[in-house]
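**Student:** Make the full structure from the sequences, and use the hints.
Counting with our numbering, you get residues 427 to 866 for the letters of the sequence shown.
Don't take each hint at face value.
[As the list claims (entries may be wrong)] Keeping only pairs whose Cα atoms sit at most 27 Å apart, straight-line, the calculated DSS-like set for lysine-lysine is:
| id | residue 1 | residue 2 |
| --- | --- | --- |
| 1 | K780 | K801 |
| 2 | K834 | K702 |
| 3 | K756 | K834 |
| 4 | K537 | K521 |
| 5 | K759 | K707 |
| 6 | K780 | K537 |
| 7 | K563 | K537 |
| 8 | K834 | K801 |
| 9 | K816 | K804 |
| 10 | K804 | K563 |
| 11 | K801 | K537 |
| 12 | K521 | K507 |
| 13 | K595 | K521 |
| 14 | K759 | K848 |
| 15 | K608 | K805 |
| 16 | K563 | K816 |
| 17 | K801 | K563 |
| 18 | K805 | K834 |
| 19 | K681 | K669 |
| 20 | K681 | K563 |
| 21 | K525 | K507 |
| 22 | K834 | K804 |
| 23 | K605 | K563 |
| 24 | K816 | K846 |
| 25 | K506 | K525 |
Just so you know, these hints were derived from the structure itself, not from any lab.
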Amino acid sequence: MKSISAAAFYSLLYFCIFLSIFTHMSCNNSTEKTEKEPETSEYEDINTAESEAPIGRWRATLTLSDDNDLHLPFNFDLAKKGNNYEISILNGPEKIICKEVSIKDGEFTIKLPVFNSEIKGRFHPRRMLGAWHNYAKSEDYELPFYAVYGDSSRFQEGLFNEIINVNGKWATMFFPEDKSSKTDAIAEFQQTGGHVVGTFLTATGDYRYLEGAVTDTSLMLSCFDGSHAFLFQANLDDFGDLKGDFWSGSHWHEKWHAYRSDTVSLPNPEQLTLLKDGYDKLDFTFPNLSGQPVSLADEKYKDKVVMVQILGTWCPNCMDETALYTDFYKKHKDKGLEIIGLAFESGETLAEVKPVLDRYIKHFDIGYDVLFAGKASKKVASEALPMLTKVMSFPTTIFIGRDGKVRKIHTGFSGPATSKYKNYVQSLEQYVGGLLDEAI
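**Tutor:** Pasting the structure below:
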């Protein structure tokens, strides 16, 4: 065997050591790269998500502006009943139970129980990303939706030595952006620490359940119920007045101004829509969901006290009123009460609106007749009932005595989020009870 020189030996040794170190470093670099590759973006992670969702409180937001800087927050609780998911949307004391919930294969769908709307998108065990679709407004109306698990806050609140006090009753005015008109309202706020619940009442209805918070200078409120997507922001000025902005979804914005008042009032809801001169009765014929014509002249309504409810399944105040009237009808129908719902809907034909009306009737277990009366429009409703001066609001209720004559017309509805609700329920019992006691 031929020997090599010492210099050649050490050169070969150094080369082998260098090759070993280089190979080891290359392997380590390759390993680190492989370990980092599964890191993906939030959106890709949602696509490959598991199907189980954590039970408990979630915080959701709807994006109201195209530049993504205006967000409406709300909370919901996710529960599991047997093998099915169930979601409770929270607005102050209100819980809206959504039982049609699907979460599987990295996707989710939440169908709202009353309104023709749904939230759907991609799912991760701790996040949901998608959009809220409000088909009652239009087929392409949608707002970006995002939800994260484990956050019980509604608005992101800070720590303040002092916070403003908004508790009580406020005279309020809403102004469109061009300030061409104004809407008078009454704000009712109940504040506990930094937490606030309340609503706004108008001559034709209320803004339902609002929930939010105050800081050292500002008030923030929101509501999401499947139809409403309301966001309010305001600052308290040096005079003690609230001045701010109101957004309804992505389609409406107004300024609002409120000042404290214990004496503020609204117009009498029984003086807004009246019978025209020369009329004392109501007359109409509209199809029921089977397509059969129904009229007040039908034998079913002869010698009965009749409440005619002008409504729409897209209308949140109508939802609250329908819940009340359904129970009220069950209680008094054997005494001679009938109710007829005249539904004005977003569809043009009975075939279009029937699935929505069927779902609405099933949800509330409505026992009285619901008829399709036309397109969702105050103008259309006024034309459908030409003996009325005008239809100002959905809902509107027309009270008819046993003699077939119109006795009273009540415009709008102050629901359970308002201070007027209990008084309305009591007056309804007394008034209709009096009509039922009248001799035929």
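**Student:** Look at each hint and say if it fits the structure.
**Tutor:** Hint check results:
Under the criterion of a C-alpha separation no larger than 27 Å, the hint pairing K780 with K801 is consistent with the structure, at around 13 Å. Pair hint K834 plus K702 holds up; C-alpha atoms about 13 Å apart against a cutoff of 27 Å. A threshold of 27 Å between alpha carbons decides the hint, and for K756 with K834 the separation of about 22 Å falls inside it, so the pair holds. For a cut-off of 27 Å, the pair hint linking K537 to K521 stands: about 15 Å separates their Cα positions.
Proposed proximity of K759 and K707 is supported: the alpha carbons are some 22 Å apart, at most 27 Å. For the proposed pair K780 and K537, the alpha carbon gap of about 17 Å is at most 27 Å, so the pair holds. Between K563 and K537, the direct Cα distance comes to roughly 16 Å. Compliance with the 27 Å bound is thereby established for this hinted pair. With a C-alpha separation of about 25 Å, the suggested pair K834 and K801 falls inside the 27 Å cut-off, and the hint holds.
With a C-alpha separation of about 8 Å, the suggested pair K816 and K804 falls inside the 27 Å cut-off, and the hint holds. Between K804 and K563, the direct Cα distance comes to roughly 15 Å. Compliance with the 27 Å bound is thereby established for this hinted pair. Taken as a hint, the K801 and K537 pair is honoured in the structure, with Cα atoms around 23 Å apart against an allowance of 27 Å. This hinted pair checks out: K521 and K507 have alpha carbons roughly 16 Å apart, not beyond 27 Å.
Under the criterion of a C-alpha separation no larger than 27 Å, the hint pairing K595 with K521 is consistent with the structure, at around 24 Å. Our distance criterion of 27 Å between C-alpha atoms is met by K759 and K848, whose separation comes to about 22 Å. The straight-line distance between the Cα atoms of K608 and K805 is roughly 20 Å, inside the 27 Å bound, and the hint therefore holds. Proposed proximity of K563 and K816 is supported: the alpha carbons are some 23 Å apart, at most 27 Å.
Distance check on the hinted pair: K801 and K563 sit about 12 Å apart at the alpha-carbon level, within 27 Å; holds. Distance hint between K805 and K834 is fulfilled; the C-alpha atoms sit about 21 Å from each other, no more than 27 Å. Between K681 and K669, the direct Cα distance comes to roughly 8 Å. Compliance with the 27 Å bound is thereby established for this hinted pair. Restraint check for K681 and K563: satisfied, since their Cα atoms lie roughly 23 Å apart, inside the 27 Å limit.
Proposed proximity of K525 and K507 is supported: the alpha carbons are some 9 Å apart, at most 27 Å. Straight-line distance between C-alpha atoms of K834 and K804 comes to about 19 Å, which keeps the hinted pair within the 27 Å bound. Taken as a hint, the K605 and K563 pair is honoured in the structure, with Cα atoms around 25 Å apart against an allowance of 27 Å. The suggested pairing of K816 with K846 holds, with an alpha-carbon distance near 24 Å, which does not exceed 27 Å.
For a cut-off of 27 Å, the pair hint linking K506 to K525 stands: about 10 Å separates their Cα positions.
Checked against the numbered hints given earlier, the structure satisfies every one of them.
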